[in-house]
Structures are given as structure tokens and as C-alpha cells.
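Protein chains: 2
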Amino acid sequence: MEFHFEVLKTDPTGARLGRLTTPHGVIDTPAFMPVGTQGTVKGLTQQALGELGVQVLLGNTYHLYLRPGHERIRRLGGLHRFMSWPRAILTDSGGFQVMSLSQLRKVEDKGVTFRSHLDGAIVELSPERAIEIQHLLGSDIAMQLDECLQLPASQAELRRAMQLSLAWAERSKRAFERTPGPALFAIVQGGDDLQLRAESARVVTDMGFQGYAIGGLAVGEPQQVMLRIVEAVAAALPAERPRYLMGVGTPEDLVEAVARGIDMFDCVLPTRNGRHGLAFTRFGPINLKNARHADDPRPIDEASACAAARDYSRAYLHHLVKANEMLGAILLTTINLAYYQELMADMRTAIAAGTFADFRAAARESWARGDVASS
Amino acid sequence: MEFHFEVLKTDPTGARLGRLTTPHGVIDTPAFMPVGTQGTVKGLTQQALGELGVQVLLGNTYHLYLRPGHERIRRLGGLHRFMSWPRAILTDSGGFQVMSLSQLRKVEDKGVTFRSHLDGAIVELSPERAIEIQHLLGSDIAMQLDECLQLPASQAELRRAMQLSLAWAERSKRAFERTPGPALFAIVQGGDDLQLRAESARVVTDMGFQGYAIGGLAVGEPQQVMLRIVEAVAAALPAERPRYLMGVGTPEDLVEAVARGIDMFDCVLPTRNGRHGLAFTRFGPINLKNARHADDPRPIDEASACAAARDYSRAYLHHLVKANEMLGAILLTTINLAYYQELMADMRTAIAAGTFADFRAAARESWARGDVASS
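Heads up: the sequence lines are chains A and B, in that order.
Position in the first sequence (first residue = 1) + 42 = the numbering used here.
Position in the second sequence (first residue = 1) + 42 = the numbering used here.
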């Protein structure tokens with residue numbers, strides 16, 4: 043099945059401009075993937091996502107497996123058809139949600155056993171099963187099952203989880219070869235330990251995957267620690283494969299990680315924080331819950347290409363958030379994903395022009411300037 | 043200010059095709075007004091409402107008065123600008139919500155005193171104050187304050203509330219003349235008592251208003267009782283003024299009321315029931331919560347002009363409703379308002395063609411046929 047990646051240009055900083063081709067279209071990188079946990083990006087229609095220029099969504103294997111069930115989705119023609127989403131989908135392996143959401147989980151070499159957060163049913167997830175589920179969902183990019191720890195964690199724990207993830211990478215690869223799909227990505231683990239990270243990156247690279255992810259970051263460590271790990275791991279990964287930093291992050295995180303050679307991201311921040319009243323903008327975040335917006339007739343960003351950012355006042359958004367109206371969540375989710383998409387597009391333009399360092403400096407300055415006071 | 047109404051054609055059944063001109067555009071009648079309680083039709087952007095062909099919204103004076111406050115909305119340029127809604131807005135007087143939502147209400151000749159459902163604050167609403175609030179909101183069509191009773195009610199209670207509503211109509215008219223707006227509608231009360239209804243209709247017609255509403259129906263009485271009252275009151279109202287049946291109803295209610303000479307409607311059914319998993323369709327209602335839809339790949343209506351009804355399967359809608367996802371509410375609200383708009387447009391076409399009786403028979407037959415079983 044069609045899957046290939048080209049690096050079109052590398053900026054002096056290390057930022058890469060690329061193009062990922064999947065059976066469901068091209069993904070221009072660096073790319074941000076909105077999170078569609080239960081087969082929907084909360085609050086947005088698929089049409090709205092298309093209009094925002096989204097080329098790839100993340101689907102959560104854990105949630106879809108429990109409800110409505112991967113076999114049902116398969117019968118209904120796969121996840122793309124089920125959701126009516128014609129573009130690419132990357133699915134995670136379910137491992138992260140097993141760790142964060144389920145009850146009474148038990149991690150063994152063979153896999154993880156857990157109780158569903160929906161009905162308490164006991165479920166087993168193994169590397170082979172995670173591949174099978176993603177295969178039946180019809181994923182364009184499947185992820186290996188891994189074990190992701192919170193930080194801080196002891197070196198012994200980090201080593202154990204990293205080695206388990208490597209064993210699972212190997213088994214995932216063999217399972218994927220039996221039911222091939224467009225692409226399988228490995229996940230580098232090792233916490234905040236540079237030596238473990240180097241070992242993990244070396245072993246998965248030797249195994250050979252269509253792409254490589256960096257997992258187990260943005261889980262409690264300072265930003266500088268995260269960026270040091272990202273920089274070291276990216277440098278240890280093969281240049282010709284896409285690099286995906288999982289679960290990251292703020293606009294600043296994205297720019298800094300792109301500067302260190304990352305090509306793909308997913309994160310719930312723009313959608314989840316939008317539902318909680320926060321707008322991400324060129325001038326930094328704006329908390330619409332704040333009473334100072336109650337009489338402010340200005341839009342979030344009158345120069346935005348996004349109608350939601352341009353056509354509704356801060357006073358109206360504040361009212362919607364205070365009144366707990368769905369439209370507040372819808373408009374702020376739209377505004378945030380539009381900003382994230384615009385940020386990625388601007389980074390691609392800057393890399394193409396060889397001016398990424400200038401772009402990064404200008405973006406930092408704009409965020410630091412902050413939101414202009416109410417007129 | 044610009045406001046006029048023309049009856050373009052009257053069908054042999056009594057159904058009327060009309061055109062209402064307001065400062066915010068033309069309203070083709072019979073018209074259905076979606077309810078925008080807190081300055082938003084729950085779950086839809088103003089752009090989506092425009093794409094559905096909605097020409098007029100209903101705004102709730104009670105809710106907007108309590109939050110964000112009518113004076114704030116006035117400072118921000120009025121309700122149209124606050125919401126970014128360029129088309130017409132009818133505002134109710136707040137009386138109905140005072141009766142149904144507030145605590146410790148006290149009705150006196152001077153007005154009503156109540157405690158806010160938001161913070162318990164004591165607020166007074168009089169006919170004059172209701173007009174002032176609607177004036178500051180910038181309403182295209184203001185409604186008089188009235189007292190609406192639940193049915194059944196005693197004849198004495200119905201008479202008292204009807205006479206109070208007439209006294210308030212008179213005071214509303216005088217207040218409106220001091221702060222003129224495009225239009226003020228009176229409300230006919232009298233419950234299920236034909237004699238009281240006739241008296242109420244006669245008195246408000248003698249006073250003279252730009253339009254007349256029928257209130258106090260769909261409050262517990264059988265449909266046949268409602269339609270008998272509608273028929274009698276419509277016949278007693280001046281032919282050259284618009285007639286508005288408040289808070290009604292199901293698709294069948296709308297067709298039957300149009301057949302009795304009603305021009306305008308508002309109702310929460312398509313929006314509220316949509317949020318609770320119900321789709322209104324040409325083949326009657328479909329409850330998407332029902333497990334029989336879990337594996338059904340068919341859309342709600344593949345012949346619909348509405349993308350939400352055409353592009354998403356019943357299985358997907360079922361999943362969204364079961365998973366309590368916002369997108370379920372958004373899509374079903376869209377589907378329902380699209381169906382209501384289509385129903386009104388089809389009625390207007392039938393009236394223009396003089397074939398309303400045929401249309402009514404065909405619509406009844408289609409609803410009775412019901413939803414086709416899963417394939």
C-alpha cells in the first residue's frame with residue numbers, strides 16, 4: 043500500500059520540510075494532527091475539519107475498541123468511512139489510554155490486562171492485538187504498543203519499560219508483516235534518561251520501521267528536559283523517515299520541536315483547552331472566562347483567515363463560555379485548530395524559504411508581547 | 043422603521059403564503075423560527091444557520107436580561123451585532139420563562155416579581171420594562187408581556203389571566219409608542235375556552251398591533267383542542283396582519299396550523315430533541331439512541347439537501363449519541379432544522395401552487411409510512 047516520505051528541504055536550524063504520502067492523501071510536514079478520540083474531533087464536523095486544512099487525524103484505538111468496537115467499524119467499511127473522513131488517519135496503539143484511563147491494569151511481558159473505564163469489563167491488549175485492531179480500523183499509520191511512564195520515574199523503571207517497549211516493537215513488526223497496512227511506526231521510550239533513549243532509538247532503527255515516534259514526553263518533565271531529549275533522539279533517528287513527537291504540545295513546544303527535526307505532532311491542548319474557554323492566538327493564550335472580556339467588542343484576531351476568530355467578539359465568546367453554551371466550545375475549538383494549522387503552514391513556508399530561525403524569533407516575540415489590552 | 047406584511051396568496055384550505063419585511067431582511071411565511079435562548083441556537087454557528095436558510099431567530103428576553111444583560115448587549119451594538127446574526131430576530135417578552143423557570147414568582151397587576159434561576163436575585167418585570175429590554179436588544183419584532191397558564195385550568199383562572207394579558211397589551215402598546223421599534227405583536231390568551239379566546243382576539247384587534255400571536259397553547263391540551271382554538275382565533279384576527287402560533291410544534295402541528303391560517307412558529311422541539319438523539323424526517327421521527335441503528339450504514343435521508351442527513355450513517359450517529367459526543371447533538375440539530383426549513387419551504391411552494399391539501403395528505407402518508415427497516 044502506498045506510503046512514502048520525502049524530506050524536501052532541511053533548514054539550517056535542523057527544521058525539516060517534508061511530504062508524507064498515504065492511501066488517503068498527502069500530509070505536508072511539519073504537521074499537527076487533531077485528536078479524534080471517539081471517532082470525532084469534539085465539537086467539529088468533518089466538513090469543518092476539511093475547511094481548516096486538516097490532512098490527518100489521530101484516532102484512539104482504546105476508545106474505538108471499547109465503543110463502538112473495531113469489528114463493528116470494520117463491518118461498516120473501516121474508520122474513514124464510519125466517520126466520513128476521506129483524509130489520512132493515524133491510530134495510536136491504545137497503550138497510553140490503558141495506562142491513564144483504565145482500572146486495575148496489569149502489565150506483563152505478554153501484554154496488558156485492564157478493566158474498561160466504560161463498564162468494568164476485563165480486556166487484554168497485546169502487541170499483536172493492537173496491530174490487529176488498527177488493521178481492522180483501516181489505519182493509514184499504525185503505532186506499536188508501548189509502555190509509557192509518568193515522570194519522574196526511577197532509572198530501573200524507565201529501563202524496564204523501555205526494554206518491554208522494544209520487545210513489543212519487535213512483536214508488533216512481526217504481526218504487522220502478517221496483516222500489512224500502509225505504515226507502522228515504532229516508539230522510542232526511555233524517559234528523561236539520554237542513555238536509555240539512545241539505546242531505544244538505536245534498537246528500533248535497526249529493526250526498521252516506516253517512521254519513528256518519541257513517546258513518554260510531556261508527562262511531567264520541564265520543557266527544557268523534553269527538548270533536550272527530543273534533540274538527542276531526533277539526531278539518532280534515520281533522516282529519511284518521519285519523526286513524530288507524541289502528545290505535544292503548546293505552540294511554543296511545536297516550534298521548538300520542529301527546530302529539532304520533528305515532523306509530526308498530536309495533542310489535545312487546542313481542542314480540550316478550547317472547550318474550557320482558552321483561545322490560542324498569535325499573541326499568546328487568551329482565557330475567555332476572564333471577566334475583562336465581558337464588554338470587549340474586538341474579535342480574537344481580526345486579521346485571521348478563520349471566521350470564528352474574526353466574526354465573533356470576545357464579549358460574545360465570554361458570554362458563551364460563562365453560559366456553558368456548546369457554541370463557545372465549537373468556536374474556540376475552531377479558533378485553536380485554525381491557529382495550530384496556520385502555525386504549521388507558516389513553519390513550512392519559513393523552512394522552504396530557509397528563514398526558520400527568523401520565524402521562531404518573531405513567533406516568540408509575538409507571544410511575549412501578549413494580548414493587547416481592551417480598547 | 044421598515045416593517046410590513048403582505049399576504050401573497052391564500053390557498054383554498056386557508057393556508058397563507060406571505061412575506062414579512064423587517065429592517066433585517068425578508069421573512070417568507072409560513073416561517074419557522076429556531077430558538078436562540080441565550081444568544082445562540084444551541085450547537086450551531088450563525089454561518090450554519092444562514093446556510094440552512096433561516097431568516098429569523100427567536101431570542102429569549104428573560105435569559106438575555108439575566109445574562110449577559112440587555113444593557114451590555116445594547117453597549118455592544120444590540121443583539122444582532124452581539125451574536126453576529128445579520129437577519130431578523132423576534133424576541134419574546136420574558137413572561138413565559140418567568141412562569142416556567144424562575145422561583146417564587148408573584149403576579150400582580152403591575153407586573154411580575156421573581157427570583158432569577160441563575161443567582162436567586164429578585165427581579166421585577168412589567169409590561170413597560172419588557173418593552174424597554176426588547177428595545178435595547180434591538181428586536182425586529184417585540185412581544186407584549188402576557189400571563190401564560192398551564193392547561194387544564196379553571197375558567198375563572200383563564201379569565202383572570204386573559205384580562206390581565208389584555209391590560210398588559212394596552213400598557214405594552216403605550217410603552218412601545220414612547221420607544222418605537224419595527225413591530226410589536228399582541229398575544230391572544232384564554233386557554234381552551236373559545237369564548238375567552240374570542241374576547242381576547244377582539245380586544246387586541248381593536249387596539250391594533252403589527253401582528254398577533256396565539257399564546258397559551260401546546261401547554262398540556264390534546265392536539266385537536268389546540269387546533270380548534272387555532273382555527274377559531276385565526277379566523278377572528280385581521281387577514282392583513284401576520285399570525286404567530288407560539289411554542290408549536292411537531293411537523294404535523296405545523297402543517298395543521300398552517301392549514302388554519304398561521305404564518306409563524308417557534309419551538310424548541312427540533313433543537314432540544316436533536317440534542318437528545320431524535321431526528322425528524324420525511325418518514326417520521328427516528329430515535330438514534332435505539333440499538334437497532336448500531337450497524338445501519340444508511341444515512342438519515344440520502345435524498346436530503348442537508349449534508350448532515352446525507353453524509354453520515356445512522357450507525358455513526360448512534361455511536362455519537364451513545365458516547366455523548368457534541369457532534370451527535372450538532373448533526374441532529376442540523377438535520378432537524380434542515381427538515382423544518384424544508385417543510386416550511388415545501389408548504390410555501392404548495393400554497394403558491396394552490397395544492398396545499400394534496401401536500402398535507404402526502405406529508406401525513408409519508409409520516410405514517412414510517413422509517414424503512416434496516417437493510
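Calculated from the structure, these hints are not laboratory results.
Hints are supplied without guarantee of correctness; some may be wrong.
Footprint (simulated), chain B over chain A, 3 or more residues, beta carbon under 8 Å [as the list claims (entries may be wrong)]: (1) 110-122; (2) 336-342; (3) 368-380.
Below 30 Å or equal to it, Euclidean Cα-Cα: the simulated DSBU-like pairs (lysine-lysine) are [said to hold, decoys possible]: (4) B/331 / B/364; (5) A/148 / B/331; (6) A/364 / B/215; (7) B/152 / A/84; (8) B/148 / A/84; (9) A/148 / A/51; (10) A/148 / A/364; (11) B/331 / A/331; (12) B/364 / B/152; (13) A/364 / B/364; (14) B/215 / A/84; (15) B/84 / A/364; (16) B/152 / B/215; (17) B/51 / B/148; (18) B/84 / B/331.
All C-beta atoms in this analysis are idealised placements derived from N, C-alpha and C, irrespective of residue type, glycine included.
Hint by hint, here is what the structure shows:
{"no.": "1", "hint": "110-122", "verdict": "holds (count 5)"}
{"no.": "2", "hint": "336-342", "verdict": "holds (count 3)"}
{"no.": "3", "hint": "368-380", "verdict": "holds (count 5)"}
{"no.": "4", "hint": "B/331 / B/364", "verdict": "holds (7 Å)"}
{"no.": "5", "hint": "A/148 / B/331", "verdict": "violated (34 Å)"}
{"no.": "6", "hint": "A/364 / B/215", "verdict": "violated (35 Å)"}
{"no.": "7", "hint": "B/152 / A/84", "verdict": "violated (48 Å)"}
{"no.": "8", "hint": "B/148 / A/84", "verdict": "violated (43 Å)"}
{"no.": "9", "hint": "A/148 / A/51", "verdict": "violated (45 Å)"}
{"no.": "10", "hint": "A/148 / A/364", "verdict": "violated (41 Å)"}
{"no.": "11", "hint": "B/331 / A/331", "verdict": "violated (34 Å)"}
{"no.": "12", "hint": "B/364 / B/152", "verdict": "violated (48 Å)"}
{"no.": "13", "hint": "A/364 / B/364", "verdict": "holds (26 Å)"}
{"no.": "14", "hint": "B/215 / A/84", "verdict": "violated (47 Å)"}
{"no.": "15", "hint": "B/84 / A/364", "verdict": "holds (14 Å)"}
{"no.": "16", "hint": "B/152 / B/215", "verdict": "holds (15 Å)"}
{"no.": "17", "hint": "B/51 / B/148", "verdict": "violated (45 Å)"}
{"no.": "18", "hint": "B/84 / B/331", "verdict": "holds (20 Å)"}
Comparing the model with each earlier hint shows violations of hints 5, 6, 7, 8, 9, 10, 11, 12, 14, 17; every other hint is respected.
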